[in-house]
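There are 4 protein chains.
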Amino acid sequence: MKFVRDSVHGDLQLDDFEVKLADTPEIQRLRRIKQLGFTYLVYPGANHTRFEHSIGTMYLASRLALNLELDDETHSLVRCSALIHDAGHGPFSHVSEGGIDNSHEELTSKLIKESQLGDILSEKFSVKEILRVISGQGPLGDIISGELDVDRMDYLLRDSYYTGVAYGIIDVERLLSNMKLENGLILHGKGVQAAESMLLARYFMYPSVYQHHTTRIVNSMFRRCLAKLLEKGVINPQEIYRYDDIDVIAAARAEENYVGEVMERLDNRQLYKRVYSLKLDEVDHPEEIFQMSPDSIEKSEAEIAQELDVDKDFILVDVPEYPTFHEMTTPVSVNGDTVMLGDVSNLVRALKDARFNHADLCIYLPEEYAEQALKINFLDYLDISH
Amino acid sequence: MKFVRDSVHGDLQLDDFEVKLADTPEIQRLRRIKQLGFTYLVYPGANHTRFEHSIGTMYLASRLALNLELDDETHSLVRCSALIHDAGHGPFSHVSEGGIDNSHEELTSKLIKESQLGDILSEKFSVKEILRVISGQGPLGDIISGELDVDRMDYLLRDSYYTGVAYGIIDVERLLSNMKLENGLILHGKGVQAAESMLLARYFMYPSVYQHHTTRIVNSMFRRCLAKLLEKGVINPQEIYRYDDIDVIAAARAEENYVGEVMERLDNRQLYKRVYSLKLDEVDHPEEIFQMSPDSIEKSEAEIAQELDVDKDFILVDVPEYPTFHEMTTPVSVNGDTVMLGDVSNLVRALKDARFNHADLCIYLPEEYAEQALKINFLDYLDISH
Amino acid sequence: MKFVRDSVHGDLQLDDFEVKLADTPEIQRLRRIKQLGFTYLVYPGANHTRFEHSIGTMYLASRLALNLELDDETHSLVRCSALIHDAGHGPFSHVSEGGIDNSHEELTSKLIKESQLGDILSEKFSVKEILRVISGQGPLGDIISGELDVDRMDYLLRDSYYTGVAYGIIDVERLLSNMKLENGLILHGKGVQAAESMLLARYFMYPSVYQHHTTRIVNSMFRRCLAKLLEKGVINPQEIYRYDDIDVIAAARAEENYVGEVMERLDNRQLYKRVYSLKLDEVDHPEEIFQMSPDSIEKSEAEIAQELDVDKDFILVDVPEYPTFHEMTTPVSVNGDTVMLGDVSNLVRALKDARFNHADLCIYLPEEYAEQALKINFLDYLDISH
Amino acid sequence: MKFVRDSVHGDLQLDDFEVKLADTPEIQRLRRIKQLGFTYLVYPGANHTRFEHSIGTMYLASRLALNLELDDETHSLVRCSALIHDAGHGPFSHVSEGGIDNSHEELTSKLIKESQLGDILSEKFSVKEILRVISGQGPLGDIISGELDVDRMDYLLRDSYYTGVAYGIIDVERLLSNMKLENGLILHGKGVQAAESMLLARYFMYPSVYQHHTTRIVNSMFRRCLAKLLEKGVINPQEIYRYDDIDVIAAARAEENYVGEVMERLDNRQLYKRVYSLKLDEVDHPEEIFQMSPDSIEKSEAEIAQELDVDKDFILVDVPEYPTFHEMTTPVSVNGDTVMLGDVSNLVRALKDARFNHADLCIYLPEEYAEQALKINFLDYLDISH
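Protein chains in written order, with full-length UniProt numbering: chain B, 1 to 386; chain P, 1 to 386; chain Y, 1 to 386; chain W, 1 to 386.
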């Protein structure tokens, strides 16, 4: 039995088996993976890590398991799944996903199988079952990776705590005490308002934190560096889950020319400037933006670079993520019927449109070329009808 | 004008000149220096940096300056001094001080003089005056580096926030609004209780955080690595303020043998064990503990290593810091007289003894040798009368 | 100069003139008026008073005045207006408004004119001007009584703090630092998200707190008692602002029969039961619900009482307030143009519909008659087409 | 099963039996008893009640019971004891104790026996056993009424929350998880620091809140009113637990002359002034202060009144409570031995002296007589050697 003091949830308890899991190099590595990548360049307090998030998620999973009255073994399975669910994350969390073909869930699966993590887990559980829970399959899958999962609850609270942005505060108590487990998690009608407020928390955190325009610039800068390091074989994409943030920064600093220089800019916070922003409602077919292929993006970058007479790596075309709202489909039990959250809450429906409108395609380049870039009509260089 | 969102104090404002200072590589580097070194291995949330602490200190300094009704120029001087006061810190903050001959105040002074930080400062201020304020000289010196300074207020609050240890909560409002500036800062009698509580905050934070026994182990392990890197010339002690945490970890990982191996232990949290603890009240002349010279310590380590037949680098004799209580001498204004805090508060006097008793000399070594070390009477190997 | 410790905002400062105002019996009375009436029967912590809210509002008004760079005299006018803005509130705040013909703004005006509050104010200000600010007129009127006013900011934060319902947390910093004063307050585009989140805070606080179904029951019970006390002349409606919560409860306890009995029920939390709820979307002409006259409601109550063979005072038909959204019309400055918040935020538009749907007409009666009431088709007794 | 939202601890759960207890008039009355009496005249947020404190104490008792691994029945006994432990408190909590011969524990016992509370309790428990737990007898007695009991933990946290004074923050987690039950509660050595910090919290809360000089004035004023009401038979001391704050204020307002006038002063915050303060260390035999009999105090008041030619009821001689430190004797388990907290912590020993020195005897009277009172040498009128 061991206690870990968490700044968000207080004293968290791990049993001996969980301590053994937490003490593997695979989980300890998460102490050196920042939860929000380079967001600390925007919010100086955002230095929190996947490790804290992992034990925080375990704690919330455990509280939900208690409410659902799971038997001891299942409870333990859920706890351990939560503890290791992010083991496959690459350096700087989601920021490193761009250049990698596999999802972090797939990488977690691969990692577990080939590391001592898998050995330890199989002392007590079926590894296959753990992987199902982590990847959101089966009735227990909703707990860690569903529409209203404890992973999301923890990161909203935690990101809010460390950035100082109050929008992420959610009523975890109300959510956890209004769920029941049937074929998956079902929310009781009494929890609808708490669920609405959790969606709103996400809605507000997107432009404030996750898609803050400066966050997007630094992440784009870093992604290009990482792509180069992968291309050159300095970093092995098949083993991305072996590196931590330090490895990648040290590797980038060691590079000459482009990568070394951009890393220095990141270190000194000399960021690229946004010279163009295209909102979805400014074009006739916004879906074309999300459909742009990597090749098409690269081609646009090359042409803009040529026009400005700079190296093409200096041009970063940043296509927004498609704003998903899986929470819309959360099953809700109302007067005995099971309906979808989107059906009982017109606030939730409104959010879908509202958020869609926030997204924009942006173009960034070094400050020294920003002025000459003003002459360009960027839309002409993008494969988007206009 | 720019706003930075701080998780502890909220929206903090920087004017254009301060933004220029903050944007220098010297201040940006502080984003990559952890405030509490390796304490994150004990408290997983303790990843906060000298950068946040610097702007937080600037904020508190500014509020104090407003209360003291300083003129605009002096107010600005105090703010900028606070912003840069930690620029000379080496990697992992105080942890790197062991191997360096110069204090971090001296290094800050050297750094300012030779970097663009000095150039920018001298546009508006006398650099000499800034250095006086930072090093606690002159009437303004008390603000940032005195008995009850804003530096300490910020770090107690901040370390408390990020570790989740509530002991560091202090009544900053009451302190800041009960000070006046004469030859230095004087506390009004109404603030005595708040000052007592701030001393208690420190008192409690020592064993819980700053001198937590695991923190001491990891810091000792790291210090030995750093000493080796300095010895080998991998790191230049004269320019310690140019390195960040990443540089040192990357350098240590790149080493073969001892340093590389210890770094791997730190990464995987395979920590040395404490095999011996000597409390001050267990010996006749506790002052001898603090008077042990580096040579004497090294000699002890070598003899213990020989006895155990292991490499002498595996033995770490950790002598505690001498517990100082400068706050005892804080001038307090009571009914027109100026007395010392220690004179009006017997709680403060009691703390001195209480804290002295917490300190102990410890010996650590790798877990695999811990058992065989039990046979040793360590006191025989230390240069302490018994 | 005096400091008051507020649990929400910390140490608040009052100058000598403000202390004189605060020390009048009219403002001290607010210490004995609960901010949320009988809501403490639902949220046991909701015992906070109009007094704290008044000094909290003064504090926020002052911070806004600083941001707007108002001159010292205007700043002081705004502070004092905020301090006294609620002086005309009757016992249990809004709950007592039902039986009174005048709005609390009118009563505040009457009270100020006839009490020493007016005398003190006129030492420094034009009372007429103060009344204009309090009632939301003129450019300064928006500060305390506008679309996004500091009154609302304070009560959302405060009600959230004391009920323990986290929904009321809003980003006051962001709001206050993104306003400018022209013909009235205009929000800068950067503050739109904070404004959205403030509207959402209200949206969530309505069903959770302000219109919680139990809150509505106790308030309806109390309103009937108060109506009786006014009818009998025990309480003088023209001087409602002279009574505090204690006066009214003591008066009600002293009554025999109905009022005394209902007061005892309230004391012992033996609440009426809701036997009927009619949502707006269940009828063809929801506007008819809001248009029901007091006579029509009384007639319905009498007929239901006759049908159930009970005294008509036991039947409480509770018509919801019309959900207003003045915030929709908040002027927002976007790229030099001034538009309305409802135009730039489709989230805000969505809230209007969403909230409208929450409202319902309810019927309550004593638990002992609840079962026999099940046989009634209540809609037949209401003047609503169906 | 029912949830109550507590502003301090979050959602608290009551089972059906506990709801039945909580719904009795005896427990509901606690909603109308302020936890800190008239302290709201000093800290405007201090309007919290014995009701919230009772369910908060039940919650902490329950968490401790879980840690102690009590069986279900004992756990339930402890919860219910905590819920009702304050049922015998008179109006304004401790403030009303002065004029009553019985302790609030005795009154709780009397109340339980003669009310439906006793009937309900005896459905499930032995009332005798409940009374033993509440009055701190037997091994379970330490939980609610011991050296480090949950009653105290709750009120420190709660009083801190509502006054805004941060000193009351304690590490409840650490305390609750470091106790074991033998003949009584024993603290594990790991909890010593948390226990120290809890004692310090009390130490700081005394002068800031509980014995704040203005709090002492208003409490003294009220006590004299209450004494008169008891003397006149308006309030029955044998049934003090039937009255709430409202009853007593209404009764006092209804009085003519002295009581009515003092009540009006309290309502309008026109407080008596302190004209004399005698610190313990200013006299040779400080114990004489605590030994002053009611008669001796009354005699002093009469003589001072005569000297000033005012009614003797206007003179209030306020003798401080003797500062007790039962926590000194908390049993602590250190390396297998059980010792007392005062033995392992010299901080705790220091507190005893420190707090003793805070206490002083004070004399208050109406402001209009304050100036003429300056001529008096009050010590001559007190039965204290000098």
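Treat the hints as calculated values from the structure; they're not laboratory data.
Values in this document were obtained by computation on a predicted structure and should not be read as measured data.
Hints may be right or wrong, so weigh each one.
Residues from chain Y shown here face chain W by an in silico Cβ test under 10 Å; the list is partial [claimed, not checked]:
1. M1
2. S7
3. D11
4. Q13
5. K20
6. G45
7. A227
8. D244
9. A251
10. E255
11. N257
12. D267
13. A302
Coverage of chain P stretches by chain W, computed from C-beta distances (three or more under 8 Å per stretch; other residues unrestricted) [as the list claims (entries may be wrong)]:
14. 191-203
15. 278-289
16. 292-298
Note that the Cβ used here is the ideal one computed from N, Cα and C, for glycine as well.
I'd like to know which numbered hints this structure contradicts. Please list them from smallest to largest.
1, 4, 5, 7, 10, 11, 13, 15 and 16
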